[in-house]
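The task is simple: from the sequences and hints, build the whole structure.
Below, each chain spelled out in residue letters.
There are 2 protein chains.
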Amino acid sequence: MNRRRFLKSATLATGSAGLTSLAAPALAQNKLTWRMVTCWPKSFPGIGASAERLAQRITRASAGRLTIQVYSAGELVPPFQALDAVIDGAAEMCHSSSYYWQNKSVALNFFAGLPYGMTMREQSAWIHELDGQALWDEIYAPFGVQAFLCGNSGNQAGGWFRKELTGLDSVKGLRFRTPGFGGRIWEKLGATVTNVPPGEIYPALQSGTLDAAEFAGPFNDLALGFYQAASYLYLSSFNEPAQGVELVVSKEKFQALPEDLQQIVRDACQAETDQMTNSYFANDPRALKTLVDQHGVQVRDFPEDIKQAGAAAAQEIYAELLASEDALTRRTAESFVDAMRLLRGRSESNEGLYIQTRAKYFTL
Amino acid sequence: MNRRRFLKSATLATGSAGLTSLAAPALAQNKLTWRMVTCWPKSFPGIGASAERLAQRITRASAGRLTIQVYSAGELVPPFQALDAVIDGAAEMCHSSSYYWQNKSVALNFFAGLPYGMTMREQSAWIHELDGQALWDEIYAPFGVQAFLCGNSGNQAGGWFRKELTGLDSVKGLRFRTPGFGGRIWEKLGATVTNVPPGEIYPALQSGTLDAAEFAGPFNDLALGFYQAASYLYLSSFNEPAQGVELVVSKEKFQALPEDLQQIVRDACQAETDQMTNSYFANDPRALKTLVDQHGVQVRDFPEDIKQAGAAAAQEIYAELLASEDALTRRTAESFVDAMRLLRGRSESNEGLYIQTRAKYFTL
Numbered sequence: 001m002n003r004r005r006f007l008k009s010a011t012l013a014t015g016s017a018g019l020t021s022l023a024a025p026a027l028a029q030n031k032l033t034w035r036m037v038t039c040w041p042k043s044f045p046g047i048g049a050s051a052e053r054l055a056q057r058i059t060r061a062s063a064g065r066l067t068i069q070v071y072s073a074g075e076l077v078p079p080f081q082a083l084d085a086v087i088d089g090a091a092e093m094c095h096s097s098s099y100y101w102q103n104k105s106v107a108l109n110f111f112a113g114l115p116y117g118m119t120m121r122e123q124s125a126w127i128h129e130l131d132g133q134a135l136w137d138e139i140y141a142p143f144g145v146q147a148f149l150c151g152n153s154g155n156q157a158g159g160w161f162r163k164e165l166t167g168l169d170s171v172k173g174l175r176f177r178t179p180g181f182g183g184r185i186w187e188k189l190g191a192t193v194t195n196v197p198p199g200e201i202y203p204a205l206q207s208g209t210l211d212a213a214e215f216a217g218p219f220n221d222l223a224l225g226f227y228q229a230a231s232y233l234y235l236s237s238f239n240e241p242a243q244g245v246e247l248v249v250s251k252e253k254f255q256a257l258p259e260d261l262q263q264i265v266r267d268a269c270q271a272e273t274d275q276m277t278n279s280y281f282a283n284d285p286r287a288l289k290t291l292v293d294q295h296g297v298q299v300r301d302f303p304e305d306i307k308q309a310g311a312a313a314a315q316e317i318y319a320e321l322l323a324s325e326d327a328l329t330r331r332t333a334e335s336f337v338d339a340m341r342l343l344r345g346r347s348e349s350n351e352g353l354y355i356q357t358r359a360k361y362f363t364l
Numbered sequence: 001m002n003r004r005r006f007l008k009s010a011t012l013a014t015g016s017a018g019l020t021s022l023a024a025p026a027l028a029q030n031k032l033t034w035r036m037v038t039c040w041p042k043s044f045p046g047i048g049a050s051a052e053r054l055a056q057r058i059t060r061a062s063a064g065r066l067t068i069q070v071y072s073a074g075e076l077v078p079p080f081q082a083l084d085a086v087i088d089g090a091a092e093m094c095h096s097s098s099y100y101w102q103n104k105s106v107a108l109n110f111f112a113g114l115p116y117g118m119t120m121r122e123q124s125a126w127i128h129e130l131d132g133q134a135l136w137d138e139i140y141a142p143f144g145v146q147a148f149l150c151g152n153s154g155n156q157a158g159g160w161f162r163k164e165l166t167g168l169d170s171v172k173g174l175r176f177r178t179p180g181f182g183g184r185i186w187e188k189l190g191a192t193v194t195n196v197p198p199g200e201i202y203p204a205l206q207s208g209t210l211d212a213a214e215f216a217g218p219f220n221d222l223a224l225g226f227y228q229a230a231s232y233l234y235l236s237s238f239n240e241p242a243q244g245v246e247l248v249v250s251k252e253k254f255q256a257l258p259e260d261l262q263q264i265v266r267d268a269c270q271a272e273t274d275q276m277t278n279s280y281f282a283n284d285p286r287a288l289k290t291l292v293d294q295h296g297v298q299v300r301d302f303p304e305d306i307k308q309a310g311a312a313a314a315q316e317i318y319a320e321l322l323a324s325e326d327a328l329t330r331r332t333a334e335s336f337v338d339a340m341r342l343l344r345g346r347s348e349s350n351e352g353l354y355i356q357t358r359a360k361y362f363t364l
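Just so you know, the sequences run in chain order A and B. Per our numbering, residue 1 is the first one in the first sequence, and the count goes up by one each step. Per our numbering, residue 1 is the first one in the second sequence, and the count goes up by one each step.
A portion of the hints provided could be inaccurate.
Once the Cα atoms are required to be at most 25 Å apart in a straight line, the calculated BS3-like pairs of lysine-lysine come out as [claimed, not checked]:
| # | chain 1 | residue 1 | chain 2 | residue 2 |
| --- | --- | --- | --- | --- |
| 1 | A | Lys104 | A | Lys253 |
| 2 | B | Lys31 | B | Lys251 |
| 3 | B | Lys289 | B | Lys163 |
| 4 | A | Lys163 | A | Lys188 |
| 5 | A | Lys188 | A | Lys172 |
| 6 | A | Lys360 | B | Lys188 |
| 7 | B | Lys188 | B | Lys163 |
| 8 | B | Lys104 | B | Lys251 |
| 9 | A | Lys289 | A | Lys360 |
| 10 | A | Lys163 | A | Lys289 |
| 11 | A | Lys360 | B | Lys172 |
| 12 | A | Lys31 | B | Lys31 |
| 13 | A | Lys172 | B | Lys360 |
| 14 | A | Lys360 | B | Lys360 |
| 15 | B | Lys172 | B | Lys188 |
| 16 | A | Lys253 | A | Lys31 |
| 17 | A | Lys104 | A | Lys251 |
| 18 | A | Lys188 | B | Lys360 |
Non-contacting residues of chain A with respect to chain B, defined by C-beta distances greater than 10 Å in every case (computed) [claimed, not checked]:
| # | residue |
| --- | --- |
| 19 | Gly144 |
| 20 | Asp169 |
| 21 | Lys172 |
| 22 | Gly183 |
| 23 | Ala323 |
Calculated directly from the structure, the hints in this document are not laboratory data. By construction, the Cβ of each residue, glycine as well, lies at the ideal position given by its N, Cα and C atoms.
Structure representation (structure tokens):
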């Protein structure tokens, strides 16, 4: 979409009458225009394209009665002020990932994903079939917002490394860009973890300020050019087995919508939960082929001792969360762990085992 | 829902004015009532409940402008006449699985699932991101209908066996109820394959007419009581790695809907694609626990030589389909195989590997 048009409509919307007074007459005329701020740069593949599709689904299914205008990171507010924009009323919705807001509650991490946590499939079952959604609602309630799961990247890549990892010993002192709980795991493994904004990862790898960096996976990472500075790509992240994406909406405004529009928003979010993963599944392997065939990238699996030490480090983090002083964090951790115990059995004895069996015996 | 009310409304709808004449005035009044016939018995867990939810999503999101009434198998037409009912205009939609209609085109099998075929995740990516949907539309076009993916059971169970399988030798002469391509695989492995309607499986196992039977998985099979006649449950079916579920709609009537209602139907179907799988993920492990703890069921994985022979037999079936005399079947097979080659790489090196790694190292 056109940036100038975006900025113009943003100015009009915020400049005219203020949000709450705008909403009521618009609703009376049976037309609402809502602003969706996002954490993603303009034309960002995968997750950014998904935000655009989500907006289109809602706009089309409501025949424009609820028109959603999407603002890329920085167009209306900086990326990490997206949630505050919804809380303050500068936007009606934000498209983000819950772990960005862990300064509001550490329990929000569970709705994006945890090291050695749930797969996208298990996460969706926890949220929609078990008590995930109720807990998420409870965590966001004090902020006057509510969230819907609206996407998932699926299992991400473990990271880009300038040198091949030979085992746990080779992690010591490694300057690794990997944020959040994943970073804490690698610190426990001996790495020196730093956080660098996505746009600065490539130059830092190139100059040698970083030895390794993790962002998303082949589809997103190809566009960011990491392969020019680091040749070893470790697939299958144990730190980000899934990344749940959320649509956070002003609770008051959402509850004031007629029931049909509420249902339209919910269905659009759940449809896009399927579709965003489809897009990563179709595009990651194509990007990987380009990386390997055209750029000589070496694909690796983490050495076993690193995976094992990573699991031990993750167990310490779960133990901390289960013993949190905050009762809601504790309850969320308990629910997450109980759900994962239940659901991983299905993953292991069905999908997981089938994928292994097919890999072993079926070539075509 | 109440059966009598169903039958009454069905009689009214078919008895009044005929379908096409009914549709137009109803549309003019901005209200449509559409009949969704299904292949599932009343109150059928998982797949049947999903049909009900799908109808509710559409009805609610359209504020009743498109009200969907669900008819269980036999209420309006017998289960395996559901598609013909849509083709003939006796219903507007059917909730089914494409392989039931392989007498219309063998290529329809690909949209439900094939032995050693795609996982639910790969199938959704093929349909929504690659050329799956276009081929599906082309196959159904001569029948005046079009289909939307609206659910998936995920990986099913391999089957219930009265005696433990010790290897490929123990398959010889085994009287096994397993329909479709799965049945052809087991025939190639030496079994005597028969088809028996779901309601007759349990008595046939009990009387010894059958040595083994396959239906769905723990959640559905617990209700059908198979455990009372067969103690060995083999999980992870290589024959049904996924079962895609479809909403088939009269193409003319769907295309005549205003665009917002079309979008509502599409989003409801894709939302339910996620939700049906959630329901199997949450309920299969609970049912499995009941089967093991309360009914002493022994859970097994198929012996390696059976899996390997199954893969070889599946390869013969793919070779047949790729060499089909019907050009559209050939093209669909080629598309399916190409897509699976692309997508299985993502499954194997990401989700699949992660599930294995977690199983190996992470206990909580």
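Going through the hints against the structure:
1. For the hint pairing Lys104/A with Lys253/A, the CA-to-CA distance comes to about 21 Å; that is within 25 Å, so the pair holds.
2. Pair hint Lys31/B plus Lys251/B holds up; C-alpha atoms about 19 Å apart against a cutoff of 25 Å.
3. In summary, the hint linking Lys289/B to Lys163/B is supported, as the alpha carbons are separated by about 21 Å, within the 25 Å threshold.
4. Between the alpha carbons of Lys163/A and Lys188/A the distance comes to roughly 20 Å, so the proposed pair stays at or under 25 Å and holds.
5. The straight-line distance between the Cα atoms of Lys188/A and Lys172/A is roughly 10 Å, inside the 25 Å bound, and the hint therefore holds.
6. Taking the CA atoms of Lys360/A and Lys188/B, the gap is near 20 Å; set against the 25 Å cutoff, the hint holds.
7. Distance hint between Lys188/B and Lys163/B is fulfilled; the C-alpha atoms sit about 20 Å from each other, no more than 25 Å.
8. Note on Lys104/B and Lys251/B: the hinted pairing holds, with a Cα-Cα distance of about 17 Å set against a maximum of 25 Å.
9. Restraint check: the Cα-Cα separation between Lys289/A and Lys360/A comes to about 21 Å, which is no more than 25 Å; the hinted pair holds.
10. Restraint check: the Cα-Cα separation between Lys163/A and Lys289/A comes to about 21 Å, which is no more than 25 Å; the hinted pair holds.
11. Annotation: proposed proximity of Lys360/A to Lys172/B holds, straight-line Cα distance about 24 Å (limit 25 Å).
12. The suggested pairing of Lys31/A with Lys31/B holds, with an alpha-carbon distance near 21 Å, which does not exceed 25 Å.
13. Note on Lys172/A and Lys360/B: the hinted pairing holds, with a Cα-Cα distance of about 24 Å set against a maximum of 25 Å.
14. As the CA atoms of Lys360/A and Lys360/B are separated by approximately 18 Å, the hinted pair is consistent with the 25 Å bound.
15. At roughly 10 Å between alpha-carbon atoms, Lys172/B and Lys188/B fall within 25 Å of each other, so this suggested pair holds.
16. A C-alpha spacing of about 14 Å is found between Lys253/A and Lys31/A, which places the hinted pair at or below 25 Å, so the restraint holds.
17. Distance hint between Lys104/A and Lys251/A is fulfilled; the C-alpha atoms sit about 17 Å from each other, no more than 25 Å.
18. Taken as a hint, the Lys188/A and Lys360/B pair is honoured in the structure, with Cα atoms around 20 Å apart against an allowance of 25 Å.
19. With a least beta-carbon separation of about 25 Å from chain B, Gly144/A lies farther than 10 Å from that chain, consistent with its non-interface assignment.
20. Listed as a non-interface residue, Asp169/A keeps its Cβ farther than 10 Å from every Cβ of chain B; the least gap is roughly 18 Å.
21. At the 10 Å boundary, the C-beta of Lys172/A stays outside the reach of chain B, the nearest C-beta of that chain being 20 Å off.
22. Residue placement check: Gly183/A keeps its beta carbon more than 10 Å from all beta carbons of chain B (closest about 19 Å).
23. Distance to chain B confirms Ala323/A as a non-interface residue, since its nearest Cβ pair spans about 13 Å, more than 10 Å.
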